[in-house]
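As given, the protein sequences belong to chains U and Z, one line each in that order.
Under our numbering, think of the first position of the first sequence as 1, with each following residue one higher.
Under our numbering, think of the first position of the second sequence as 1, with each following residue one higher.
Possibly wrong hints are sitting among the right ones.
Because identical chains share one entry, a pair is satisfied inside a single copy or across any pair of copies.
[Stated by the list, open to error] Within a straight-line C-alpha distance of at most 20 Å, the following computed SDA-like cross-link-like pairs (lysine to any residue) qualify: (1) Lys51 to Glu167; (2) Lys34 to Val312; (3) Lys324 to Leu11; (4) Lys81 to Ala36; (5) Lys51 to Gln136; (6) Lys119 to Thr35.
Bear in mind the hints are in silico, worked out from the structure with no lab data behind them.
This one's a predicted model, so the numbers in the text were calculated from it and none came from an experiment.
Protein chains: 2
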Amino acid sequence: MLATKLYAPTLREVPSDADVVSQQLMLRAGFMRKTANGLYSFLPLGWRSIKKIEAIVREEMDRASAQEIMMPILQPAEIWKESGRWNAYGAEMMRINDRHDNEFCLGPTHEEMITTLVKNEINSYRQLPVNLYQIQSKFRDERRPRYGLMRSREFIMKDAYSFDVDEAGLEESYKSMYDAYTRIFNRCGLTFRPVEADSGAIGGSGTHEFMAIAEAGEADIVYCTKCDYAANIEIGKPGIMKQEEEALQELSVVDTPNATSIEAVAEMLNLPLHKTIKAVVFSIDGKVVLAIVRGDHEVNEVAVQHAVLGSVEPEMATPEELEKVGLTAGFISPVGLQQTEEFTIVVDESVMETYNVCGGANKKDAHYVNINPKRDFNVEDIIVAPIRLITKDDVCPTCGGSLEHAKGIEVGQVFKLGTKYSEALQATFLDQNGRPNPMIMGCYGIGVSRTLAAAIEQYHDENGIIWPRSIAPFEAVIVPINAKDEALMSTSETIYSALQEAGVDVLLDDRKDRAGVKFKDADLIGYPLRITVSKNTLENNEVEIQIRKTGEALSCAIDSVATKVTELLQNL
Amino acid sequence: MLATKLYAPTLREVPSDADVVSQQLMLRAGFMRKTANGLYSFLPLGWRSIKKIEAIVREEMDRASAQEIMMPILQPAEIWKESGRWNAYGAEMMRINDRHDNEFCLGPTHEEMITTLVKNEINSYRQLPVNLYQIQSKFRDERRPRYGLMRSREFIMKDAYSFDVDEAGLEESYKSMYDAYTRIFNRCGLTFRPVEADSGAIGGSGTHEFMAIAEAGEADIVYCTKCDYAANIEIGKPGIMKQEEEALQELSVVDTPNATSIEAVAEMLNLPLHKTIKAVVFSIDGKVVLAIVRGDHEVNEVAVQHAVLGSVEPEMATPEELEKVGLTAGFISPVGLQQTEEFTIVVDESVMETYNVCGGANKKDAHYVNINPKRDFNVEDIIVAPIRLITKDDVCPTCGGSLEHAKGIEVGQVFKLGTKYSEALQATFLDQNGRPNPMIMGCYGIGVSRTLAAAIEQYHDENGIIWPRSIAPFEAVIVPINAKDEALMSTSETIYSALQEAGVDVLLDDRKDRAGVKFKDADLIGYPLRITVSKNTLENNEVEIQIRKTGEALSCAIDSVATKVTELLQNL
């Protein structure tokens, strides 16, 4: 393609409301424009990259025997009411009435729709397994759309749904998608980890999130530096941290006026944080839940929810709820407390391995010192569970290696749904014995537009984007230093033809702008290779090829540019 | 692909609510399923064909230097209010509020959006022309969705928008799209005509509709059997039909009790219809408009609207409106009537060439005989214009050849918009003299899903679909007569590999069903070629190739199947 024919308006200034690098660069480099809060238009460059990601997704989904279909964006409310999600979904689901006042939503996802689609068509185990997918715009009315494509209101998603006869079949479908996703994100050039994640409110028996590692990510993850272990921090299983055994001292109360945080208490009493315990009080399913971790640890809300078999996400308890069960905010420990119908105590495993620690005295302005949990808690009466967040001082639960923490952008998720939707919507098949069974489902999502943003978050420098070759809008750009110079243009065109013939996706920057402007744009847009055609090198029948990723520049004879470029691209 | 891996549930019965052949066949053959009124899911076979159409559209749009982008489906109300279409669009536009109560619509089209997108980016004549397109789901809340994909509420459309510096530029952009559309529909294998059409309410200076000729079409078109002339019947310009001159007889009144239609009067008075004139009364922009055509002609409402420079589509006048201007329904002619501020008379050109005709006497149960318009109408006071629909008795306005009438499915439209949107939304550029000018726009649509339906309307028989090769879900199917016979399966697989290597898009029907079932499905789904592998022919190292379109069957040596299939496909 010729740059003079390309609609790619670049911006000099960073837009003031762009809050992450990928958004800033996509706006500056002319990849997209903002239409309204959380709504973006893709311009030709951005759309080229999106189409390349889509093509990779299609190839790998097809290779995994999934079949592409297309369901409507408009979904009738009835099926969501049948599954119980019409109310459960809340304000994030965009709802619309048609001219006859029938209710619809704009699909945020398609579990109900796909289940309805197949339920009258698949009747026998002989027709299973089936895996159907689509690539489509999805809608979620985020309360606060932000981070550009990473949390927008209309976004491109690949969603797939598998149907199997039994759990073993689901395992196979799941594994097949897991492997396809691994290939997809590898081919997109992302640095990523599939991490164990929480199945949360959606139910189901297992899930992995595919996390692109990036500072701008919204998820906290932990991964092993030695083995494959990786988990969302919410689900990372910490081991038990032991402390050196000590002789048990006598429990006593000390005055700690106004020291309502464990940090303040530790400072006041000159104690290290790991010699303290701290309390966080939640409200879960109408119960007050007291969670206890070491002063140097943090509570994992999801683990607390699981420990008490909670059906909803924990919320912080209100002052009224604390009062109702007799707790004194800021000065709480389990010492002397009993569980009741409406009050549960959950203590982290590592707390049980502490000696002579300090914790709340359950009255205002006072703390206990020399708490010894095994001695001082009503151990018959409390739940002991791993409810702290895993830290970098923990070791890998799989291999004992050391752990790293990182931020991740969730670019994909694979999910064992089980029978939640097939039961709600009566999607059954007859098994080999002629008995009806609900189909066993899995669902598998990829954020296509978010993958684009994640790649930029990972690959950029102060001058612009550094595209992985596979999803770059063009693989190479040819820059004649002076487009008015006929010799330069003629050589550029020769190279352009040779590269096209070699199957390289190439742009010829035939604009009459100064070389500096073209170089700046090439760096900003981030073509993997730049081929500079200038008088100096032309004298030797050579051009310069610069690699965006490394900055490395090398000379190349004009008639071997195609070979050289092809070779270089293979390693980018 | 293997049929056992393909999700393609066929139906034995024609669904009762399917009102056109394309809809019936797409449901029966497992191309799509109905989700709700006017909403369809494409299954793998249907989606394969849609993607083939999309690929053709992309190739030809790119060849015409248009660039693909993607704008959001959700569009803010503000831009539609600026253009004045927020109210004008009516109930067909689906409207939705977000959680903060901001108003949006689901894009039925994107003129406002694209104009807003480019208006701050294109500032100079040097950046023009630009042509941007997208392929996207569009939404129109039809009062009565019907005809399957031909009038659905969510449909796939390719919409393109061109921006030029002047009318000459627009002409070029328009021509380029016109040619691209011609190539696209030719490549899709459609029988079609680009027809002149009415620019209607949308404004602009010219438009062609691309009409696929088919009985199920909703549009009436007329085309020349000798030259390229073709027009929507609404815009087809009839010539003046002369009648043989006669001596003018004396005007007189005859009783015609209860004869309120011109057919009844003609019968009562034993006159041929062309010796009568008839009246249709409209309400346009608050005026009563009396339209007069010959008794054997029909009024063209669009022509009437143009004749009186009406800004809205004509509606039939109410009895109250007739009364207000003193007209007696069923007995109206212009004889003795005068135009007023609120009453206009429009007479078709051919009426002025009649002699001694019969028409209403402007009183109940009475008609004039021997009306001679040039003598009896207040000729200074009436508008004479071509306001009748063109008939098959007319001749081609371009070459004088004979005309054919046909029904057409509108699969595409090209439109010269001019400055309607660039002026409303202030999309200006600086010309060579540094003066701001509104950009000159064109817009160009293709109904992608409708094109699929149109192809089936054109190509089918009592057994199923007969796909043009270019948009068939698979180009060929291999049917081993008995999938349990290892020799047949092994030969089938050999042929399958050979065809795949030759680049043929082929399905191997490896299902264990009876041959009859597979043949029926092959005919229903409509693969262009069927390769039958049976014991009989295998003895001679041959298979049978059947051409769906002609029914012709030919023998072919196994090792030359790939060559033969490739050759046959080239002519399909």
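Hint-by-hint comparison with the structure:
1. Lys51 to Glu167: For Lys51 and Glu167, the Cα distance exceeds 20 Å both inside one copy (35 Å) and across copies (34 Å).
2. Lys34 to Val312: neither (35 Å within a copy, 36 Å between copies)
3. Lys324 to Leu11: neither (58 Å within a copy, 63 Å between copies)
4. Lys81 to Ala36: between (31 Å within a copy, 15 Å between copies)
5. Lys51 to Gln136: For Lys51 and Gln136, both the intra-copy (12 Å) and inter-copy (13 Å) Cα distances are at most 20 Å.
6. Lys119 to Thr35: between (39 Å within a copy, 12 Å between copies)
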